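These protein sequence lines are chains A and B, in that order. Under my numbering, think of the first position of the first sequence as -1, with each following residue one higher. Under my numbering, think of the first position of the second sequence as 5, with each following residue one higher.
Misleading hints may appear alongside valid ones.
With a straight-line cut-off of 20 Å between C-alpha atoms, the simulated PhoX-like cross-links for lysine-lysine are [unchecked claim]:
1. B/K62 to B/K103
2. B/K256 to B/K266
3. B/K256 to A/K198
4. A/K198 to B/K62
5. B/K103 to B/K230
6. A/K0 to A/K105
Sample of chain A residues lacking proximity to chain B, with all beta carbon distances greater than 12 Å (derived) [stated by the list, open to error]:
7. A29
8. A49
9. D52
10. S84
11. T93
12. T170
13. P187
14. T201
15. V202
16. K226
17. T245
18. I252
From the structure, some residues in chain B lie toward chain A, with a derived Cβ separation under 8 Å [claimed, not checked]:
19. M19
20. T52
21. G56
22. Q61
23. A66
24. G67
Hints listed in this document are in silico derivations from the structure and should not be mistaken for laboratory results. From a predicted model like this one, the values you see are computed outputs, not experimental measurements. Where is the CB? At the ideal position from N, CA and C, for every residue including glycine.
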Amino acid sequence: MKIVVCIKQVPETNDVTIDPVTHNLDRRGLAGVMNPFDKNAVEQALQLKDANNDAEVVLLSMGPDDYAESLREGMAMGADAGVLLSDRAFAGADTLATGYVIAQAVKQIGAVDLVLFGRQAVDADTGQVGPIVAEFLHQPQITYAASLRLSGPNEVTAERLLEDTKQTLVATLPAVVSVRSELNTPRYPTPRNIQLSFAKPLTVWHHDDLDLDDSRLGQAGSPTIVTKVYAPEPVKRELTPLTGTPTEAASQLIKALKHRQLI
Amino acid sequence: MPVTTLAAEKLLLQMVDDYTAREIAPQDMPMDAAGDFPAGFIQKLTDTGFLGLMLPQKFGGAGFGPEVTATALNHIAQGNASTAVTLEGHFKTIDQILKFGTPALQQQLLPSANDRIFAFSMTEASGGSNPMGISSTATREGDHWIITGDKIMITNGGLAQVYCVLVKTAPKELSVFVVDQDMPGFSFGKREDFIGLRGTPVGEIVMDHIVVDDDHLLGKLGDGGKIGDSAHDDARILMGAVLTGIMEHDLKIATDYAKERKAGDKPLTELQVTHRKVADIAMRKETTKLLYQRAAQLKAAGQPYSEEAAMAKAHGSRSAVSAGDDTLQILAGYGYSREYPVEHLIRDARAMEIAEGTVEKMRSAIANAEFSK
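All chains, please: the whole structure from these sequences, using the hints.
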């Protein structure tokens, strides 16, 4: 079984500024760490590997050279190999262009049974890349998985946790799953595994190493246009206090709801 | 230095900081109150591989060098000094087996140092700083040695499973043997009720006719004094690192408080009296850091480091007590309260003016080193 875990390096600080020209997050010069939700995805892959000695866990990331640090951290947690997609041609990509390159890389890795993502990255918070990769790969997808297990030789079962409901979904492999932090507690890389991780293969794939349609890359391949980034004004709503005894308050509430034709 | 080594060290310290923030620092105050590590705490530390941090990779460890090992203890001590001192006691003991043990003894003992805590014991009721005053003996009987004696005030005593013990093999001859808690005749005695570093167990072992073979002798007969001095040197570097961590903790408490607190209508950060104290804490912390790092660099380079290690501990321990006192004064009544950690940081630091050689002994060692130049 081959599992690919897609990870993103995010700024260590919350003090991220917005580029005044592109209106995108300006991550330049900021120390990076592995996106916390992605650690849950790595942990899930490692648990599947712990239960299945034949499993291979490959980490995949797209970004500048220093993203190798997060790949190495994941390899120190126990992943077998890392692949970094790094090229100026990929810069400025939105979630669609990012998803395209990652999907092409998953195809190139080959014979991948399961692609795991964290639910979203804590810097941009879109949660879109996992589903986009699933669409490019034409594979079933399960998002927001709070539990995940191999339920058959060729299928996974996940409990999908939404705001007010739980769903149990079964997907045939190969599939793409994004996971929630409720799924597990990520293991720490041990000091010894940190050292040994540097003997594991970390490959950098540039533009020419992949089969790519250039029109789908970088800013040119990104239909997203950020025109403005702002904190929405808080909506001021009129509050009508309910007064008196509970019975009187209930009566006022029913009256108010009827007045608004809500009941 | 290879790039991978630097990257590995960066990743190690990142993991240490993460582990310290989530697993160690929250236990700092409860540990001081309870006078012990919480249940499962040492097992988790072991499972996360901390015991093998400086153990060579051929014995199953991580094989990190003296500088980053000391810095890791500095970072751990920023969350809790007891945890760092327990690791210090373990690492200094491993160091002596690496320096003086035969390959066979190393192969026999060291793979288990990833899972079992090791301790080095010299002090007895009849002798602490004067090793020739000890009463424990190893006497030859046939092909074996019979070890008898009572060792006290052992860092990790009662927690550790393997002990290097200083004994007399002749009236004027000191030697070191390795004994195991599972050996017949081994038992634990009293645990000390110390005022600081209260998580770290410090206790007694009783050796009643423990029988060991020659292969449990560390170094050669008569090497006891040399091995003891070496253990002190290695411990003192790590204690300098722990003391730096305590002062980092002091500094954070002092600056966080000063940024929030006002005296009258002026923030403490605008008062010169605060500036003086914060600057002193910062300077003491940085000078101790430079001293332990210098000693660790010399050790890594295979150069003599005894004097520098003594400086790190002597300067660091007095500095950390003073830094705690200044921090307490900045926090005033809150600093004097047990609700806040400052008072226990002073008690923790105070232990290291005594342990691994008193500051008075350190000064003699430093002065004698200077006289001999």
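Hints, one by one, checked against the model:
Note on B/K62 and B/K103: the hinted pairing holds, with a Cα-Cα distance of about 15 Å set against a maximum of 20 Å. Using a Cα cut-off of 20 Å, the hinted pair B/K256 and B/K266 holds, with the two alpha carbons roughly 17 Å apart. A distance of roughly 38 Å separates the Cα atoms of B/K256 and A/K198; the hinted pair therefore is violated under the 20 Å criterion. Taken as a hint, the A/K198 and B/K62 pair is honoured in the structure, with Cα atoms around 18 Å apart against an allowance of 20 Å.
With a CA separation close to 11 Å, the supplied pair B/K103 and B/K230 stays within the 20 Å bound. Distance hint between A/K0 and A/K105 is fulfilled; the C-alpha atoms sit about 12 Å from each other, no more than 20 Å. Not every C-beta of chain B lies more than 12 Å from that of A/A29, the closest at about 10 Å, which undercuts listing it as non-interface. For A/A49, the non-interface assignment is confirmed: its Cβ lies about 19 Å from the closest Cβ of chain B, beyond the 12 Å cut-off.
With a cut of 12 Å on Cβ distances, A/D52 stays outside the contact zone with chain B, its closest approach being about 25 Å. Residue-level check passed: A/S84 sits 17 Å from the nearest beta carbon of chain B, beyond 12 Å. Listed as outside the interface, A/T93 is consistent with that label: its C-beta sits roughly 28 Å from the nearest C-beta of chain B, beyond the 12 Å cut-off. No beta-carbon of chain B comes within 12 Å of the beta-carbon of A/T170; the shortest separation is about 36 Å.
Some Cβ of chain B comes within 12 Å of the Cβ of A/P187; the nearest lies about 5 Å off, and the non-interface call is violated. Taking the minimum C-beta to C-beta distance to chain B, about 16 Å, the non-interface status of A/T201 holds against the 12 Å cut. Look at A/V202: its CB is around 15 Å from the nearest CB on chain B, clear of 12 Å, so calling it non-interface holds up. At roughly 34 Å, the least C-beta separation between A/K226 and chain B is larger than 12 Å, which holds for a residue marked as non-interface.
Residue-level check passed: A/T245 sits 47 Å from the nearest beta carbon of chain B, beyond 12 Å. The Cβ of A/I252 sits about 49 Å from the closest Cβ of chain B, beyond the 12 Å cut-off, so the non-interface label holds. For B/M19, the interface hint holds, since its Cβ comes within 8 Å of a Cβ in chain A; the closest pair sits about 5 Å apart. For B/T52, the shortest C-beta to C-beta distance to chain A is roughly 5 Å, which falls under 8 Å, so the interface hint holds.
Nearest Cβ of chain A to the Cβ of B/G56: about 6 Å, under the 8 Å cut. The hint holds. A least Cβ separation of about 7 Å between B/Q61 and chain A falls short of the 8 Å threshold, and the interface hint therefore holds. The beta carbon of B/A66 is positioned within 8 Å of a beta carbon in chain A (closest approach about 4 Å), and the interface hint is therefore held. For B/G67, the suggested interface contact is upheld, since its CB lies about 6 Å from the closest CB of chain A, less than 8 Å.
Consistency note: the structure conflicts with the earlier hints numbered 3, 7 and 13.
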